[in-house]
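Taken in order, these protein sequences are the chains called Y and U.
Sequential numbering from 412 applies to the first sequence in the working numbering.
Sequential numbering from 57 applies to the second sequence in the working numbering.
Source of the hints: derived by calculation from the structure; they are not laboratory data.
Possibly wrong hints are sitting among the right ones.
To be verified - Here are a few chain U residues that face chain Y, going by a calculated C-beta distance under 7 angstroms:
1) A92
2) I100
3) H131
4) H132
5) M136
6) A303
7) E307
8) V350
Claimed, not checked - Chain U is faced by these chain Y residues, among others (derived, beta-carbon under 7 angstroms):
9) A691
10) G692
11) G711
12) L713
13) Q715
14) T717
15) L718
16) L725
17) A729
18) Q731
As the list claims (entries may be wrong) - Taking lysine to aspartate or glutamate and the DMTMM-like style, the derived pairs with C-alpha atoms no more than 20 angstroms apart in a straight line are:
19) K129/U <-> E726/Y
20) K129/U <-> E734/Y
21) K481/Y <-> E738/Y
22) K354/U <-> D607/Y
23) K481/Y <-> D467/Y
24) K354/U <-> D709/Y
25) K354/U <-> E391/U
26) K633/Y <-> D607/Y
27) K665/Y <-> D463/Y
28) K354/U <-> E482/Y
29) K480/Y <-> E494/Y
30) K218/U <-> E235/U
31) K665/Y <-> E482/Y
32) K129/U <-> E115/U
33) K354/U <-> E85/U
We treat Cβ as the ideally placed atom computed from N, Cα and C, and that holds for glycine.
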Amino acid sequence: MILSRGTVLPTEEQSRVLEQLPGWINETLARPPLLPEVTIAACDRLSRRAQDGAFDREIAGLDLDPALKKEQVDTALALLRRESLQAMVDIQLGPAPFAPVTVRPPHHSGAIVKQRRPLGVLLHIAAGNLDGLPAFTVVEGLLAGNINLLKLPSADHGLSIALLRRLVEEEPALADYIYVFDTPSEDVAALRRLADLSDGVVIWGGEGAVSAVRTLAPTGVKLIEWGHRLGFAYVTDRGREEGQLSALAEHIMKTKQLLCSSCQTIFLDTGDMGQLREFAGQFLPLLERAARRWPVRDMGALAQGTLRRYTARLERAAGQGGETILEGDGCSLTLREDRELELSAQFGNPILKCLPRSELLPTLRRSRGVLQTAGLLCAPEERQELTETLLRAGLVRITGAGEMSRGTCTDAHDGEYPLQRYTRVVQWDAMP
Amino acid sequence: MGARGALFRGRALYDHPGTEELFVQAMRENCAFQYARCPEYRAILDQAGFRPEQLQGPEDLGELPPIPTLYFKRHHLSSMAGKHALFHTTSSGTSGRRSEVNFDFGALLCDLAMSLRACGTHGLISPRPTRYVILGYQPHRGNHMGVMKSAFLSTFLAPAVKRTYALRFREGEYRLDQEGLVEELRRCARQRHPVRLIGFPSYLHFLMQELEHRGLRFPMPSGSKILLGGGWKQFYRQQVDKPQLYAEVKERLDIPEAAIHEVFSVVEHPIIYWDCPRHHFHIPVYSRVLIRDVRTLKPLPYGQPGLVNLMTPLLKSAPLMSILTDDLGVLHPGESCGCGCTAPWLEVLGRVGMTEIKTCAAGAEEYQRGERE
């Protein structure tokens with residue numbers, strides 16, 4: 412399905428829409444820019460109507476984990492409320508962000524007017540690991556005043572189009588700023604046409620189109636990549652208490668380790684494998700408890716985990732290597748002797764490694780391209796110093812054990828405010 | 057002659073009740089052979105507390121520890137010295153790693169008997185001279201892919217007048233010869249010999265689209281057939297693509313759906329599965345299939361989805377009697393098909409792992425790897 416100027420069209424209409432798109436975009440760009448208030452008011456109305464039950468039937472039809480559905484929907488609705496979006500704009504762009512400001516630079520004779528403006532046209536290549544993310548990245552683009560072209564992930568199942576269409580119904584003025592395509596990542600020709608029309612391409616990590624887009628985006632188009640990151644937890648001896656460990660286990664099972672902020676590797680502040688094994692014995696029952704509460708439902712993922720563990724067991728029996736895997740009910744822990752941050756098998760199967768705090772910074776620096784979130788499990792007195800070390804190593808978010816994937820309306824993505832990247836600063840000479 | 061030979065020389069292709077005893081006996085003999093010759097396999101069975109003698113009835117087959125195909129991709133297991141390996145095949149390596157399988161002399165004889173029986177049952181052996189169009193690789197010394205070998209072997213089912221290959225080996229590499237193919241089809245349509253097209257469904261689909269694009273129709277002589285095969289990754293979501301493919305073939309080549317046969321096989325389990333007139337893959341007497349629970353690996357009853365476990369006593373060169381694939385599937389009772397065949401049939405649902413959701417954490421790993429390289 413396609414959403415074009417507020418109308419849902421069948422996929423077959425793609426080439427017709429693409430043909431007319433340049434003309435439509437030019438008409439829209441010729442008008443005064445879209446102000447954040449229009450988007451904020453529309454989202455707020457939509458969120459309130461959803462809260463009052465107007466979309467209960469649609470929400471019930473979504474393929475969401477039943478154990479998490481209410482929490483996810485409530486979080487999403489809160490994020491769309493006026494106070495959240497206003498805070499987002501205020502924190503990221505400051506008050507009255509699009510108002511012109513006259514400045515008189517030192518050692519310069521005249522005055523200059525400066526103003527923040529939308530980038531123009533954004534192409535969003537959205538990932539499918541978080542329901543609602545494709546619609547949310549468009550809302551961010553709208554807050555910055557842009558025309559948004561959204562390429563849906565293959566796993567979207569119609570949620571994003573439904574949401575954005577409702578948004579246009581709330582505020583018809585947004586119709587010219589939202590175009591959604593379900594173009595598959597293999598349709599490089601269509602993606603290239605979309606990229607050719609754009610001033611910026613927003614790429615969310617993990618989507619198969621990423622490498623293709625990197626090569627096809629015309630020179631000069633701004634590439635904005637979010638979320639090619641690996642999260643981890645760092646546990647000190649004094650952080651090994653049940654409350655924090657349970658919170659970490661719940662985080663792992665709730666996110667299924669699918670998000671860029673999810674915990675993949677758990678580092679223990681020690682160089683002793685014996686201590687790591689003992690820690691694994693302490694953590695496994697907690698992870699099992701969380702797995703019973705938030706079980707993995709995807710059959711393919713379950714089968715993959717079972718095959719991996721079964722193969723490792725046979726390898727050990729045959730004396731052909733095999734990792735040390737502690738098998739739990741619906742989850743597992745893999746113990747490895749190296750110290751690199753790495754991706755786990757996901758779905759409740761984290762990797763455990765030793766990493767003494769004296770080696771934290773040099774070790775993590777080797778993974779600097781993928782650092783984002785660290786969950787810190789330690790005593791209150793240790794927190795400040797360890798936080799500082801992690802930030803110096805290149806991390807951008809340090810959280811408590813259970814909060815690694817918690818988002819607030821004030822968050823930066825990967826250390827940068829998206830609204831700043833979705834806008835540009837222009838200037839012209841002030842009239843004498 | 058051992059139980060294996062008797063099983064593979066049997067007359068009925070789908071008589072499970074009549075071959076149950078022979079099948080279990082062949083499995084037991086093979087298991088004892090592997091147990092004695094392959095130390096790693098012995099260690100695996102010992103660890104599981106399983107002895108070859110425990111294989112006494114069909115219900116015992118599920119107790120034999122299956123070896124994952126993942127295992128064969130990581131480690132080489134062998135029960136025979138290399139000089140006894142007469143025929144060597146590899147998987148196509150879609151997932152990056154290849155499995156290698158060697159055929160012993162007895163296995164080759166069994167394979168031949170099985171192929172003849174299956175081709176006879178499905179009406180593919182013919183004395184009429186035939187032109188072959190192979191939508192796949194031209195044979196070449198350095199290519200051991202099982203797919204290529206079985207395509208080449210199937211050109212002996214009827215005497216070959218000519219063999220034309222889509223992927224021709226020229227100057228050290230394989231090149232797609234699209235023009236040559238179209239020209240050959242043009243010639244085929246003008247003469248009287250029946251034609252057999254052999255290859256991957258996806259290649260056939262591309263060829264039909266090419267003909268459509270150029271507005272070409274080449275009605276094939278009567279008696280022409282199409283044999284489709286390849287790894288069974290080709291068969292995912294078949295219900296969507298296949299009817300369209302049959303319609304394209306009818307339109308462009310005038311070959312009816314009934315003359316289109318499909319087979320699949322797996323390198324680690326080289327039993328040929330043929331589709332019935334309703335396009336279901338019934339299990340021949342040479343193998344048994346179990347579906348295992350994705351969490352516990354316990355065998356599941358008919359109709360429930362799980363991991364596909366394939367069993368056959370065909371190969372002696374390595375412990376390949378019971379392999380656990382990384383495919384998800386469902387086993388259905390034979391009667392539910394309606395074609396008249398009473399042997400159970402297998403529906404392959406897809407490969408394990410996340411098919412649709414790509415995660416940003418997984419993306420980061422690729423990204424990191426790319427930066428390090």
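Hint by hint, here is what the structure shows:
no. : hint              : verdict
1   : A92               : violated (16 angstroms)
2   : I100              : holds (5 angstroms)
3   : H131              : holds (5 angstroms)
4   : H132              : violated (10 angstroms)
5   : M136              : violated (18 angstroms)
6   : A303              : violated (19 angstroms)
7   : E307              : violated (21 angstroms)
8   : V350              : holds (4 angstroms)
9   : A691              : violated (21 angstroms)
10  : G692              : violated (22 angstroms)
11  : G711              : holds (5 angstroms)
12  : L713              : holds (4 angstroms)
13  : Q715              : holds (5 angstroms)
14  : T717              : holds (6 angstroms)
15  : L718              : holds (6 angstroms)
16  : L725              : holds (5 angstroms)
17  : A729              : holds (4 angstroms)
18  : Q731              : holds (5 angstroms)
19  : K129/U <-> E726/Y : holds (12 angstroms)
20  : K129/U <-> E734/Y : holds (16 angstroms)
21  : K481/Y <-> E738/Y : violated (31 angstroms)
22  : K354/U <-> D607/Y : violated (54 angstroms)
23  : K481/Y <-> D467/Y : holds (11 angstroms)
24  : K354/U <-> D709/Y : holds (18 angstroms)
25  : K354/U <-> E391/U : violated (24 angstroms)
26  : K633/Y <-> D607/Y : holds (11 angstroms)
27  : K665/Y <-> D463/Y : violated (27 angstroms)
28  : K354/U <-> E482/Y : violated (35 angstroms)
29  : K480/Y <-> E494/Y : violated (23 angstroms)
30  : K218/U <-> E235/U : holds (17 angstroms)
31  : K665/Y <-> E482/Y : holds (11 angstroms)
32  : K129/U <-> E115/U : violated (29 angstroms)
33  : K354/U <-> E85/U  : violated (24 angstroms)
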